[in-house]
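The task is simple: from the sequences and hints, build the whole structure.
One line per chain: the protein sequences are A and B, in this order. Numbering-wise, our numbering puts 360 at position 360 of the first sequence, and it's gapless, one number per residue. If you want our numbering, it's the position in the second sequence, counting the first as 1, plus 383.
Keep in mind the hints are simulated off the structure, nothing from the lab. Heads up, none of these hints are tricks.
Here are the simulated EDC-like pairs of lysine to aspartate or glutamate, each with C-alpha atoms no more than 16 Å apart in a straight line:
id	chain 1	residue 1	chain 2	residue 2
1	B	K634	A	D332
2	B	K598	B	D542
3	A	K65	B	D451
4	B	K706	A	D30
5	B	K550	B	D674
6	A	K244	B	D715
7	B	K448	A	D68
8	A	K251	B	D716
9	A	K181	A	E57
10	B	K627	A	D332
11	B	K706	B	E406
12	A	K323	B	D413
13	B	K634	A	D333
Derived, one-sided and incomplete: chain B residues facing chain A with beta-carbon distance under 10 Å:
id	residue
14	R456
15	L475
16	T501
17	A708
Even for Gly, the Cβ is constructed at its ideal location relative to N, Cα and C.
Protein chains: 2
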Amino acid sequence: MSAWVLPDHIADVLPSEARHIEELRRDLLDTARCYGYELVMPPLLEHLESLLSGSGEALDLQTFKLVDQLSGRMLGLRADSTPQVARIDAHLLNRVGVTRLCYCGPVLHTRAGDPHATREPLQFGAEIYGHAGLEADIEVLTLALDCLRAAKLEQPSVDLADARLVKALLAGLSVSPQQLKLLHAALVVKDIPELKLLTKDMPASVQQGLLALVKLYGDQTVLIEAENVLPPLPGVREALQNLKCLADRLKGVSVTFDLADLRGYAYYTGARFAIYAPGVSNALVRGGRYDEVGAVFGRNRPAAGFSLDIKALVNAVSFRPLKPAVRAPWRDDSRLSAAISDLRAQGEIVVCILPGHESEVDEFQCDRELVEIAGQWAIQAMN
Amino acid sequence: MSAWVLPDHIADVLPSEARHIEELRRDLLDTARCYGYELVMPPLLEHLESLLSGSGEALDLQTFKLVDQLSGRMLGLRADSTPQVARIDAHLLNRVGVTRLCYCGPVLHTRAGDPHATREPLQFGAEIYGHAGLEADIEVLTLALDCLRAAKLEQPSVDLADARLVKALLAGLSVSPQQLKLLHAALVVKDIPELKLLTKDMPASVQQGLLALVKLYGDQTVLIEAENVLPPLPGVREALQNLKCLADRLKGVSVTFDLADLRGYAYYTGARFAIYAPGVSNALVRGGRYDEVGAVFGRNRPAAGFSLDIKALVNAVSFRPLKPAVRAPWRDDSRLSAAISDLRAQGEIVVCILPGHESEVDEFQCDRELVEIAGQWAIQAMN
Chain A
1 MSAWVLPDHI ADVLPSEARH IEELRRDLLD TARCYGYELV MPPLLEHLES LLSGSGEALD
61 LQTFKLVDQL SGRMLGLRAD STPQVARIDA HLLNRVGVTR LCYCGPVLHT RAGDPHATRE
121 PLQFGAEIYG HAGLEADIEV LTLALDCLRA AKLEQPSVDL ADARLVKALL AGLSVSPQQL
181 KLLHAALVVK DIPELKLLTK DMPASVQQGL LALVKLYGDQ TVLIEAENVL PPLPGVREAL
241 QNLKCLADRL KGVSVTFDLA DLRGYAYYTG ARFAIYAPGV SNALVRGGRY DEVGAVFGRN
301 RPAAGFSLDI KALVNAVSFR PLKPAVRAPW RDDSRLSAAI SDLRAQGEIV VCILPGHESE
361 VDEFQCDREL VEIAGQWAIQ AMN
Chain B
384 MSAWVLPDHI ADVLPSEARH IEELRRDLLD TARCYGYELV MPPLLEHLES LLSGSGEALD
444 LQTFKLVDQL SGRMLGLRAD STPQVARIDA HLLNRVGVTR LCYCGPVLHT RAGDPHATRE
504 PLQFGAEIYG HAGLEADIEV LTLALDCLRA AKLEQPSVDL ADARLVKALL AGLSVSPQQL
564 KLLHAALVVK DIPELKLLTK DMPASVQQGL LALVKLYGDQ TVLIEAENVL PPLPGVREAL
624 QNLKCLADRL KGVSVTFDLA DLRGYAYYTG ARFAIYAPGV SNALVRGGRY DEVGAVFGRN
684 RPAAGFSLDI KALVNAVSFR PLKPAVRAPW RDDSRLSAAI SDLRAQGEIV VCILPGHESE
744 VDEFQCDREL VEIAGQWAIQ AMN
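See the structure below:
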């Protein structure tokens with residue numbers, strides 16, 4: 001095989017896409033910064049038990065492992081930065097009050113999520129720690145939408161769910177982890193016959209509640225229907241009220257609900273959201289409340305946040321043209337050098353044409369050039 | 384061991400340093416862009432033979448290896464992006480003329496370069512392909528200095544060397560790879576007794592030339608002395624002339640020479656430079672000409688460039704203070720939301736104080752706050 005063939009689902013990002021990704025990266029980080037989210041940079045490599053503790057089997061399978069020559073211990077390449085940022089909040093910062101953090105960097109996956117997915121997403125995310133109230137959920141959801149607005153994504157739509165519904169319905173029952181896993185899988189794919197089978201020994205109200213969840217998707221009327229068909233347990237009522245509050249705070253965005261959506265269940269402990277765009281099948285953003293994410297690091301404090309893959313986002317937004325450049329000749333002339341420096345200091349792209357390359361095609365669209373007129377270097381429009 | 388202990392020479396980057404690194408990253412990329420260098424993003428993981436072909440033993444030892452579950456093949460985590468960018472120039476872009484590329488991303492090393500070094504540098508670099516003349520060397524060196532200027536590094540000094548001097552002296556002799564390695568090692572540490580031993584069977588002019596190199600370090604007078612003491616071979620003359628030209632183009636920067644400096648020898652084929660700063664023992668930037676870097680990818684075209692570690696650079700420049708933020712209360716009030724959005728759109732950091740957290744210490748220095756005066760939200764200086 002040729003030396004330059006890359007592994008499957010691994011790719012170089014070439015100039016025009018790379019520039020666009022870099023611009024999105026800055027827009028997202030700047031948006032988070034204006035909300036008071038402080039940037040942190042967790043490492044690519046950690047001890048495996050630190051990277052995976054409390055995170056569940058799915059993340060374990062997604063994580064590349066290798067041996068540290070310095071210690072002989074197993075290391076993992078991060079497949080998700082969320083637990084790393086929780087570790088930073090819990091141990092390095094260890095602040096008493098509200099902490100807002102954001103991050104942006106590559107993560108690596110052993111397997112691609114779908115046939116077109118990359119194994120090296122560029123994960124951007126934001127997290128707020130230390131506030132249990134719905135205000136934190138509202139803030140991260142608003143921030144996520146503002147990030148997509150900064151990225152110029154058209155017509156985002158928000159899908160809401162809540163991890164507490166199933167928990168409330170099953171409260172007090174003894175359900176084995178294996179049974180719970182099957183139950184979640186059946187709910188995610190809305191498999192009613194399988195659900196019936198799995199819940200046949202449960203109390204009728206629980207069975208009916210779980211079966212009802214499968215049909216509770218669509219617009220705001222879902223919440224009214226849910227109040228009617230789900231048992232009036234406190235956990236159920238609180239979740240539905242929270243979802244209504246969240247939806248009410250979203251102005252100018254289409255909102256739907258899918259009360260059986262349990263993806264990433266191991267993580268979430270409250271309201272959850274996914275943000276979609278027209279023509280893109282997978283969610284561009286996933287987020288919500290995951291109060292237990294820092295528990296393994298000894299600090300079980302409230303947390304809410306979201307993350308997205310900039311490499312997926314760049315395919316969902318319109319191409320941004322590069323501004324035209326200025327062409328300059330190459331000479332050992334300090335006045336020319338000064339003229340070029342001035343233009344670059346103003347943010348202009350100035351491409352020097354090296355001797356012998358005058359007739360090559362420019363990679364940049366040059367609409368002006370530096371020319372010497374009566375001993376002065378001046379900028380002139382190009383034909 | 385605790386779950387949150389990181390591997391040796393691996394660290395989290397916390398908020399104030401992360402913000403500074405991000406600002407440097409943007410300054411460097413923007414500087415390269417204004418020179419017409421297009422951003423590319425090579426992957427973190429590649430097939431081992433692609434990552435290491437032609438790159439020598441040192442890079443092999445620095446490279447973490449792991450198995451691809453999808454193919455069963457060995458993968459490497461990049462320890463240096465330079466060969467990756469050469470691969471992109473050779474195969475993906477495959478342009479006829481001059482190509483200018485830049486990149487910025489983490490690399491991983493199995494072992495730290497020195498006791499304080501990180502194993503996860505943030506490598507930034509720029510490369511120019513397709514021009515064999517000294518103009519390309521001048522451009523990358525000028526760009527490197529402009530990058531350091533943008534990073535606000537004080538008093539950079541440039542150290543120049545040339546990989547052709549030793550090659551020219553040894554031309555025509557049969558020297559085994561093992562002998563060459565010992566020779567380079569002795570030159571790097573300026574070990575004269577060892578050099579005498581290694582060159583004892585060589586022609587007197589070669590031995591004297593190699594021994595002379597060890598003493599040829601210092602200011603511009605080194606070049607004059609070199610002309611006198613080195614044999615007048617064409618390769619020697621060309622290298623010395625190139626070094627003089629390079630030095631003449633550097634205005635306002637201290638320039639020194641070290642003609643026995645052979646670090647990274649496997650790489651370089653012409654003039655080389657290292658850039659230092661006061662109080663920093665290691666070079667912050669290393670670069671030069673490496674015409675053979677793309678050969679293994681079937682396209683042996685001229686190349687010059689440089690790279691640096693932003694995590695090292697950030698420690699060499701002054702801290703940049705964060706601009707003060709605006710404090711805002713939390714309310715479900717659309718006029719307040721609009722006022723906050725306006726401020727954020729102007730680039731202000733607005734931190735919302737969530738209910739119950741009014742008396743916490745702000746992580747941001749807030750010098751203004753949003754207050755409601757006669758039904759209007761207005762900005763007010765804080766005491």
